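**Student:** In the order they appear, the protein sequences are chains A, B and C.
Everything in the first sequence is counted per our numbering, starting at 9 for the first residue and increasing by one.
Everything in the second sequence is counted per our numbering, starting at 27 for the first residue and increasing by one.
Everything in the third sequence is counted per our numbering, starting at 77 for the first residue and increasing by one.
Check the hints yourself; a few may be wrong.
Some chain A residues well away from chain B (every beta-carbon gap over 10 Å; in silico) [stated by the list, open to error]:
| # | residue |
| --- | --- |
| 1 | Leu-82 |
| 2 | Lys-111 |
| 3 | Leu-183 |
| 4 | Gly-184 |
| 5 | Tyr-193 |
| 6 | Leu-257 |
| 7 | Leu-265 |
For lysine to any residue, the following SDA-like pairs were computed, each having C-alpha atoms within a straight-line distance of at most 25 Å [as the list claims (entries may be wrong)]:
| # | chain 1 | residue 1 | chain 2 | residue 2 |
| --- | --- | --- | --- | --- |
| 8 | A | Lys-24 | C | Leu-364 |
| 9 | C | Lys-214 | A | Asp-143 |
| 10 | A | Lys-24 | C | Pro-196 |
| 11 | C | Lys-214 | C | Val-234 |
| 12 | A | Lys-111 | C | Val-93 |
| 13 | C | Lys-184 | A | Val-32 |
| 14 | C | Lys-214 | A | Phe-240 |
| 15 | C | Lys-184 | A | Leu-31 |
| 16 | A | Lys-111 | C | Gly-182 |
| 17 | A | Lys-111 | C | Val-234 |
| 18 | B | Lys-177 | A | Trp-176 |
| 19 | C | Lys-184 | A | Val-261 |
Estimated spans, in silico, between C-beta atoms of each pair [to be verified]:
| # | chain 1 | residue 1 | chain 2 | residue 2 | range |
| --- | --- | --- | --- | --- | --- |
| 20 | A | Leu-196 | C | Leu-95 | 52 to 62 Å |
| 21 | A | Ser-113 | C | Ala-137 | 45 to 55 Å |
| 22 | B | Thr-92 | C | Lys-370 | 43 to 53 Å |
| 23 | A | Leu-116 | B | Gly-202 | 23 to 33 Å |
| 24 | A | Glu-112 | C | Phe-294 | 48 to 58 Å |
| 25 | C | Ala-282 | A | Ala-109 | 45 to 55 Å |
| 26 | C | Leu-368 | A | Phe-69 | 46 to 56 Å |
No lab work stands behind these hints, which were simulated from the structure alone.
Computed from a prediction, not measured in an experiment: that's the story for all the values here.
Backbone N, C-alpha and C fix where the C-beta goes; we use that ideal spot for every residue, glycine too.
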Amino acid sequence: MRFRSKRWSDATAGQKLAAAAGLVFLHAPVWVIVLYAFTTEDRTYQFPPPGLTLHWFEVAFAREDIWAAMRLSLMVAAVATALAILLGTLAAFAMARRQFAGKESITLLFVLPIALPGIITGLALLSGMRTLRLDPGFWTIVAGHATFCLVIVYNNVVARLRRIPPSWVEASMDLGADGLQTFRYVLLPQIATALLAGGMLAFALSFDEIIVTLFTAGHQQTLPIWFYSELFRPRERPITNVVAVVVILVTLVPILLAYYLTKPDDRG
Amino acid sequence: MIELREVSRAFGAVVALDRVSLTIAPGEFFALLGPSGSGKTTCLRLIAGFDHPDHGRILLDGEDVTDVPPFERNVNTVFQDYALFPHMSVAENVAYGLRVRRVGSAERRKRALEMLDLVRLGDFGDRRPNQLSGGQKQRVALARALINQPKVLLLDEPLGALDLKLREEMQTELKGLQQRLGITFVFVTHDQGEALSMADRVAVFSQGRIEQLDTPRALYTRPRTAFVASFVGSANVVAGMLAERLTGRREPFAIRPELIDVLPADGPVPAGAVSCAGTLEDVLYHGASSRCQVRVDEQTVLAVARAESATVVPLPPQGSRVLLAWRPDSSVALEAD
Amino acid sequence: MLRPVATFFHGRNAFYVSLLLLPPLLWLGTVYLGSLFALLMQSFYAIDEFTARIVPEFTLATYRQLVTHPANVDIVVRTLAMAIAVTIACGIVAFPVANYMARYAGPKMKAFFYVGVMLPMWTSYLVKVYAWRLILAKQGIVSWGFTSLGAQGALDGVLATPVVGGPSLASSYIGMFIVFVYMWLPFMILPLAAALERVPASLLQASADLGARPGQTFRNVVLPLALPGLAAGSVFTFSLTLGDYIIPSVVGAPGYFIGMMVYQQQGTAGNLPLAAAFSVVPIVLISLYLTLAKRLGAFDAL
């Protein structure tokens, strides 16, 4: 038996290659889409693309239905995020440290919206709407989004709150600040980044949401819904690609920002 | 000044304080001493207002403050982890107590810098807490706690995180500060050396009760219980049959190791001394002194501390029979358990 | 100012907590839990065959229809099979990446990999599905790749495989499988990398020291310790595949999946009870899987 002694910190070439291949596999499709947004071909998915152009961007920007869908998506995301920040923060403060009866069940409740598959949430909301005889519309879409956005903000804020030593709150009160002042001067600055990050994550996820939205929207078209319908009734494919590029940018930027905000740093 | 009346506090099944009563006089440097879990920290937190007793009352300056929240009490605390706010500068930290009382920002900064001068950190105002050393953080915490001119300053294990040299420096500094300010200091510690050297009076806690409340000297020379005798300094506690044989009483007694003499087994017993024979089991040399373990009977080993000096007789070899002797008034009668 | 209010709340723990929790609980309680309850109720209703209206009376008829109708059972089995296949494949494909990230990558490379795995994870779901539709299409990249390698025959052969093949990759189970694996791969890589990171290097050295070859070390030391990470990742891949309805409809063969059934039944077929009953299946399956995963230590690895 030949025993090949190697340093444990060195990966073999094969391992490095496999890891790199995995990473490329993850990224390639997105780059493909971006490439296709510039193709001159307008009906098929020909590869390699015959030529590159910005023409489709112009066409897309002139389309009113795309703008309408974009506006709706942005509004829904904004309102859902605002609701989520308010409700999520309230819940986080209640749950961060104090013990009370039923806390575990409530913790479970706050995990369900992201733990259960989207289709169940969607169908559940639809059942709820039917039972209450509610018509689908802007507010039903917002209701669906706010539910899981709330959970995202809550998780971010509660994690940050739990890292704050209880002695800080006691020190603040010891020095004469009541609960409200302690919140304003000591707690709020500390959770600010977590709040912001949670909010941005919620915004991005709401903007991109399709699964639940298909159940809760009536004739409204959010951008993802527009996109989805284009998948089945293709009109001008490259325009879909352009919209895809826009969606990538609009969702990726807040997510990257949220990531950098919550990266653990050495500040207290 | 501070009075606790029959205060009890339990956390679930664990009794932290059991009908504790004590009074701390104004201007005193008072220590709450005890091992972890003895209730001393709970006691401090009750005085500060971070906790509410299950029974009993807490009075500050004659006023019942049991139900008063910490932000309304004229008591300030220096925390064990200093609890400095990382998003504020040192000066802003110190000025916090004034900011909360809505003092103007110029006035705040002036008084904060004054306090920092008091703790000899005058130039550190614009630094951030994470740029400070442990000792500096503690002084900032001190300044922050004193800016509201409280009548009582509470300190939770203030010297625990400091290294030896710094600890000794801070001991002198704290004592000096207290005398200059003239306010009551109450501090919690598990280090009996600290308590003895700094405090005017010490309350020794064990399992939620105060075993003894006395001056350091009295605690050391006249401990009342076996716990106090062995926790404050080291002591030999002799009980049972041996105690009866040596003192004629059944109650246990304590004798400090440094008050016992080791004499040759066949030598004369000094007049009036209490003596008993034993086997020299172990000797640990500490340079200027040695510590001997002498087995007196099956259950009892007495520790003897001998200082080296020109006149002392050298010890016989390990395993030899020796005679231990001490003056009858060196031993302290203890309360039976 | 507000001092008396603050003093009032101080120490009144239960009051404070309930006041804070009330709005979010109200929301989650009514909107979410209420809807879930409505869903469950619907599954116990049935459609009147003549009027095609929902009869709001408690009945097990819909469930009976679910489990006895062979087409319905097919759907469940098909979805379950795909979920299991995808989970296994994700575990295998994720391993080299996670292993490298956890054990061999230096700090900068590790951070690079983390961002590199997270970016595609957070890229829009629909865009990714759409991208694969294009890639797998008849004149798409994959096809182009095979043709330029002269391996067109191989591709045709694969597509001719019964059951899993199809007219093109973009409308076959193989294609669907590839897309599923792609989509959930990051969800497997991250927990797996975290679990692998927790394997102390000294264990591997000890194993080699005792004479084990790399393969044996892997089987006997690394794999068992990585199991919680695999279990945690598998929770995601399993439940996400089970409930998905978009990927099967965009990149898929004619056969129905649970998600698609749910969507279709509540929509055009107007059979909300049946849709509800179908959606209970993933809930049950996922709960079962969660208990299994918990036994394997998945929750400690999350």
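**Student:** Work down the list of hints and note, for each, if the structure agrees.
**Tutor:** Consistency of the hints with the structure:
no.: 1; hint: Leu-82; result: 32 Å, holds
no.: 2; hint: Lys-111; result: 16 Å, holds
no.: 3; hint: Leu-183; result: 4 Å, violated
no.: 4; hint: Gly-184; result: 4 Å, violated
no.: 5; hint: Tyr-193; result: 7 Å, violated
no.: 6; hint: Leu-257; result: 32 Å, holds
no.: 7; hint: Leu-265; result: 20 Å, holds
no.: 8; hint: A:Lys-24 - C:Leu-364; result: 37 Å, violated
no.: 9; hint: C:Lys-214 - A:Asp-143; result: 41 Å, violated
no.: 10; hint: A:Lys-24 - C:Pro-196; result: 20 Å, holds
no.: 11; hint: C:Lys-214 - C:Val-234; result: 14 Å, holds
no.: 12; hint: A:Lys-111 - C:Val-93; result: 11 Å, holds
no.: 13; hint: C:Lys-184 - A:Val-32; result: 18 Å, holds
no.: 14; hint: C:Lys-214 - A:Phe-240; result: 16 Å, holds
no.: 15; hint: C:Lys-184 - A:Leu-31; result: 16 Å, holds
no.: 16; hint: A:Lys-111 - C:Gly-182; result: 41 Å, violated
no.: 17; hint: A:Lys-111 - C:Val-234; result: 53 Å, violated
no.: 18; hint: B:Lys-177 - A:Trp-176; result: 22 Å, holds
no.: 19; hint: C:Lys-184 - A:Val-261; result: 22 Å, holds
no.: 20; hint: A:Leu-196 - C:Leu-95: 52 to 62 Å; result: 18 Å, violated
no.: 21; hint: A:Ser-113 - C:Ala-137: 45 to 55 Å; result: 32 Å, violated
no.: 22; hint: B:Thr-92 - C:Lys-370: 43 to 53 Å; result: 46 Å, holds
no.: 23; hint: A:Leu-116 - B:Gly-202: 23 to 33 Å; result: 56 Å, violated
no.: 24; hint: A:Glu-112 - C:Phe-294: 48 to 58 Å; result: 38 Å, violated
no.: 25; hint: C:Ala-282 - A:Ala-109: 45 to 55 Å; result: 48 Å, holds
no.: 26; hint: C:Leu-368 - A:Phe-69: 46 to 56 Å; result: 51 Å, holds
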